[in-house]
Amino acid sequence: MSWNSKEIMRVLQDELLPEVVKPQRYIGNEWGSVRKDPSRCEVSFLLAFPDIYDIGMSHLGFKILYYILNQREDVCAERTYAPWHDMENAMRQRGMPLFSLESHRPAREFDFIGFTLQYELSYPAILNMLDLAGIPVMAASRRDGDPFIIAGGPGAYNPEPLWAFIDFFVIGEGEEVIGEIVDLYRELKKAGAPRSSILGRMSRIEGIYVPSFYEPVYGPGGELEEVRPLASEAPRVVRKRVVKDLDRAVFPDSFVVPFMEVVHDRAMLEVFRGCTRGCRFCQAGMVYRPVRERSPERVKELASRILKNTGYDELSLSALSILDYSCAAQVLHDLVSRYGPEGITVSLPSLRVDTFSVDLAKEVEKTRKTGLTFAPEAGTQRLRNVINKGVREEDLMEAVRAAFNGGWDTIKLYFMIGLPTETTEDILGIARLARAVRDAGVEIAGSKTGALTRFPRVNVSVASFVPKAHTPFQWCGQAPMEELLEKQRLLKESTKVKGLTLSWHDAGMSLVEAAIARGDRRVARAMRRAWELGSRLDSWSEGFDLVRWQRAFEESGLSLESYATRDIPLDQVLPWDHISTGVSKEYLRAEFERAMRGEVTPDCRFERCSGCDVCFALRTSPKLYGKGVR
Amino acid sequence: MQARLMQVRMRARLAKLDMARFTSHLDFMRTIGRATRRAGIPVALTEGFHPHYKIAFGPALGSGIASIAEYADFILNCRIPGEEFSRRMNCALPVGFEVLEAREVPLTWKSISSVVDAASYEMGLWAPDEGPWRVVEELRRRVKAILEAPSLTVTRQTEKGLKELDIRPKILDLDVVEKDGNDPVFLSMIVTIGDGGTPRPEEVLQCILSGRVPALPGQVVSRAESSDPHPIAVGRVSITRTGLFLRKGRDLVSPMEAGE
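Residue numbers (numbering that gives the first Met the number 0), protein chains in the order written: chain C, 0 to 629; chain P, 0 to 259.
A few of these clues could be false.
Calculated pairs, DSSO-like style, for lysine-lysine (alpha carbon to alpha carbon, straight line, at most 27 Å) [as the list claims (entries may be wrong)]:
#1 K584(C) with K622(C)
#2 K307(C) with K53(P)
#3 K35(C) with K21(C)
#4 K361(C) with K626(C)
#5 K307(C) with K35(C)
#6 K178(P) with K5(C)
#7 K143(P) with K21(C)
#8 K626(C) with K584(C)
#9 K21(C) with K178(P)
#10 K109(P) with K143(P)
#11 K35(C) with K62(C)
#12 K299(C) with K5(C)
It should be emphasised that the hints constitute simulated quantities derived from the structure, not laboratory data.
Computed from a predicted model, the values in this text were never measured in an experiment.
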C-alpha cells in the first residue's frame with residue numbers, strides 16, 4: 000500500500016488514534032504549527048526528535064529552526080517525534096510509515112530529516128524512526144531520492160557513535176548554517192546533482208561533518224591513531240558554527256503551542272547563550288562558549304510578542320545559568336511588574352547558590368513558593384574545587400536560610416557521585432551538607448518569627464558523573480557501576496532522617512550514556528545491534544535494559560564497561576579530536592591538571608581570560624549588556 | 000488594586016471537530032484559555048494569591064468524540080458584542096476548534112455544569128467496506144427493543160473493579176436516521192447526564208451492535224438467538240455530541256436560552 004497524507008489521516012482517525020494512549024501526540028494542528036502546500040515549496044525539512052512528543056515539544060533548538068525555516072517561502076519545515084510503544088506497534092501492524100505532524104505525509108518524502116542529539120540514550124530511537132519511515136538505517140545504503148539524514152545538537156560534538164547512520168552532522172549553532180544548507184541543496188537539486196556530489200559540496204560548508212568522507216586509523220593495540228579525511232574537499236578539522244551577535248540573531252516570537260501538557264509547557268525565551276563558570280564536568284559549559292547575551296530591550300520586546308502570540312500564562316527565561324545574566328535583576332523586575340497583574344507568571348529554571356538568587360526568586364515567585372533548587376554538585380570544598388564549582392558551604396547555607404526564611408518549605412539539592420578523585424569522605428560530605436540544610440529548615444520552622452508553616456522538605460537528587468567529550472574530564476573514566484551502587488547505598492544509609500529524601504539516576508543508564516558519550520566509530524555497531532535487540536526509547540526506564548546493551552557491545556566485540564570506565568591517557572588521540580568547539584585541547588588538558596591539583600579557575604566574565612581560546616579560534620568575543628552580580 | 004469593573008458573562012457554544020476530537024477535556028480548557036489571551040478578550044481574573052481566568056466549562060466530553068455543543072462561560076471585564084467575541088476567538092483558535100455562537104447572559108445564571116442535565120449525540124456508522132448499508136431494519140428492531148425494555152445493564156471498569164449499571168432509565172430517546180446512497184446510517188440519542196451513571200454513547204452503540212439488547216416484551220426468544228446475538232459489523236464509526244440541554248418538563252432547552 001502506498002501511503003499518502005489523506006490515507007494516513009484516515010487510518011489514524013478511524014483505526015489507530017482511538018486505540019492508543021495520549022492520541023494528542025500524533026494529531027498535529029496545534030496553534031502556531033505551520034501548514035504549507037508541499038508542492039509549492041522547493042525544499043522540505045522534517046525536524047525529527049528522537050523521543051516522544053511530550054519531551055520533544057520542549058526543545059528550544061527545534062523551535063528556533065522551525066521558525067527560521069518556515070519564514071522562507073521556498074521551504075516547508077514540519078515536525079515528527081518518536082511514537083510511544085503502543086503507537087509504534089499499531090503503526091507497524093498496519094504498515095503505516097513514520098509521518099509528519101503538519102501534513103501527515105510519510106517522512107521519507109522529505110528532502111531532509113534532521114535529528115537533534117540531546118541525550119545519548121535517545122540514539123536508538125533515531126535508528127528506529129528511520130526504520131519506521133522505510134528509510135535504510137545505514138547511510139551507505141541510501142540512494143538518490145532518499146532523504147538526507149542529518150543531525151546536530153550537543154551530541155554531535157562526538158558524532159562517531161552515529162557515523163554509520165547519519166549522512167552529515169551540523170556542528171554548533173544552527174541559526175545561520177541551516178540556511179546555507181538549504182540554499183546549496185536547492186541549487187544542486189535543480190541541477191539534478193547525485194547524492195554523492197551533494198554530500199561533497201555540503202562538506203565544504205563550515206560546520207558540516209560528512210562522516211563517510213573520513214576513516215579511522217587504528218594502531219596495533221586497537222587504539223585510535225587518527226581520523227583522516229578521504230576526500231580532498233573534507234576539512235581535517237570541522238569547527239563548530241557560532242552566532243556572533245545573539246541580539247541580532249533570529250528568535251521565534253511564536254511557537255507551536257501543544258494541546259496536551261508537555262514537559263516545560265510554557266513560553267520560552269533564551270536570554271543568553273554560553274556559560275564560562277567552567278565546571279569541569281559540564282559539556283554545555285564548554286561547547287556553547289563564548290557567553291553572548293541578548294539586550295534587556297530585546298528580551299522585553301520578545302517577551303511581549305511571544306506572550307501575545309502563544310497565549311501562554313507562564314514565561315520561562317532560559318539560559319545555562321539564568322541568574323548570571325548581567326541584567327537579570329532589572330529585566331526580571333520589569334517583566335514581573337508588567338505581566339504579574341495579567342495573571343502571567345515568570346519562572347526561573349535554575350538558581351545560583353547565593354542570596355542574590357533567593358532575593359530575585361522572592362520577587363519572581365511572590366506567591367507560588369513551590370520549591371527552590373540549588374546545585375552544589377559535590378559534598379566537600381576539596382571536591383568542589385576539583386570540579387571548579389565555585390560554591391562555598393557558607394554560600395549554600397546562607398542561600399537556603401534565606402529561602403526558608405522567605406517561606407519556601409521545599410529545597411532541592413543536586414549532587415553528583417563518582418566524580419574524579421572522589422573519596423568516601425566526599426560522599427559523607429553530601430549527607431552532611433544535606434542534613435545541615437535540613438536542620439537549618441527545621442530550626443527556622445521552629446522559630447516564632449519564621450515564615451514556614453510546614454515541616455521543611457529537602458529533596459536530594461544524585462546523578463552519576465558521566466564523562467563527556469570536549470570537557471576537562473573527558474579523559475576520566477566513570478566509576479564502575481558496583482562502586483556507584485555502593486556509594487548510593489552509603490548515601491542512603493547516612494541520610495535517614497525526617498524531611499530528607501534521596502533520589503538518583505539509574506547507574507546502568509549512566510554507564511551506557513558514558514560508553515556512547517566517549518564512543519568511537521566501533522560503537523556504531525553496538526548501537527545498531529542494541530536496536531536490533533529491541534532498543535527503542537531507552538531514555539525511559541521502562542524501555543531501558545542494561546543486559547541488552549551489554550550483549551550488544553559484546554556481540555560487536557566491544558566492552559561496554561571499558562568505553563565508560565577506562566581512564567584515557569592524556570596524550571592519546573580522542574575519537575572527537577577532528578571536531579573543534581573552539582575551546583582548545585591544551586586548555587582542557589590544563590584544566591584537567593588544575594583539577595587534579597585542586598585549583599579553581601575563575602569565570603572570564605569577572606576576572607581575567609582563562610585562555611580557553613574560543614574567542615580567538617572563532618573570531619568572536621563575550622557579549623554582556625550589564626555589570627551583573629557575581 | 001484594580002478598581003471593581005462592571006463584569007459581564009459571555010456564554011459560548013464551541014465545536015471540537017476532526018483531529019481535535021482526540022484532545023482531552025483538560026486540553027480543551029487550556030486551548031480555550033490560551034485563545035482568549037491571544038484574542039485579547041478581556042477575561043476577568045480571580046482574586047487571591049493564584050489569579051486565574053474566570054472561565055467555566057460544561058460537562059467533559061470523552062476523548063475521540065467530536066462536538067458541536069461544548070459550552071463555556073467567560074466573565075469579562077467589559078461588555079463586547081457576542082459576534083465580536085466569536086470573531087476574535089475564531090482568529091485565535093487552532094484548526095478543529097470554533098466558537099459557533101456567543102451571547103451575553105445574566106451574571107445570576109447558574110454554571111453550565113450545574114444546570115445541564117441532558118445531552119444529545121449522533122453516531123454515524125459506515126459499512127465495513129463503506130458500501131451500501133443493508134442493516135437498517137435490524138438496527139431499527141434493536142433500537143425499538145431497547146426503548147421498550149425496562150432496563151439495559153452495562154458493565155463498567157471502575158477503580159473498585161467491575162460495576163454493573165442500568166442505563167435504560169437515562170436514555171430519553173434513541174432513533175435510526177437513514178440517509179441516501181453510501182452515506183452512513185445515523186443513530187441519534189438523547190441521554191440524561193449528571194448524578195452519576197451517565198450513559199456513554201459508545202456503550203449504547205456497543206449494546207446495539209453486539210445485539211446484546213433486551214428481548215421485546217412478549218417476544219419468544221429462541222435458544223439460538225439468545226446465545227448468538229448476530230453482531231453487526233461496522234467499518235468507521237463517528238460520534239458527535241450535538242447538544243446539551245436543560246430539561247424543562249418535557250422540553251429540552253439550550254443553555255444559551257436558560258440558566259436557572
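Going through the hints against the structure:
Between K584(C) and K622(C) the CA atoms are separated by roughly 24 Å; this keeps the pair inside 27 Å, and the hint holds. Between K307(C) and K53(P), the direct Cα distance comes to roughly 19 Å. Compliance with the 27 Å bound is thereby established for this hinted pair. For the given pair, K35(C) sits about 26 Å from K21(C) by alpha-carbon distance, which is consistent with the 27 Å threshold. Between K361(C) and K626(C) the CA atoms are separated by roughly 21 Å; this keeps the pair inside 27 Å, and the hint holds.
Between K307(C) and K35(C) the alpha-carbon distance is near 23 Å, which keeps this suggested pair within the 27 Å criterion. A hinted pair counts as satisfied when its Cα atoms are at most 27 Å apart, and K178(P) with K5(C) qualifies at roughly 25 Å. The hinted pair formed by K143(P) and K21(C) fails the criterion: a straight-line CA distance of about 37 Å is larger than 27 Å. Our distance criterion of 27 Å between C-alpha atoms is broken by K626(C) and K584(C), whose separation comes to about 30 Å.
At most 27 Å may separate the alpha-carbon atoms for a hinted pair to count; K21(C) and K178(P) exceed this at roughly 34 Å. About 36 Å separates the Cα atoms of K109(P) and K143(P), which puts this hinted pair outside 27 Å; it is violated. Taking the CA atoms of K35(C) and K62(C), the gap is about 17 Å. The hint holds against a cut of 27 Å. For the given pair, K299(C) sits about 42 Å from K5(C) by alpha-carbon distance, which is inconsistent with the 27 Å threshold.
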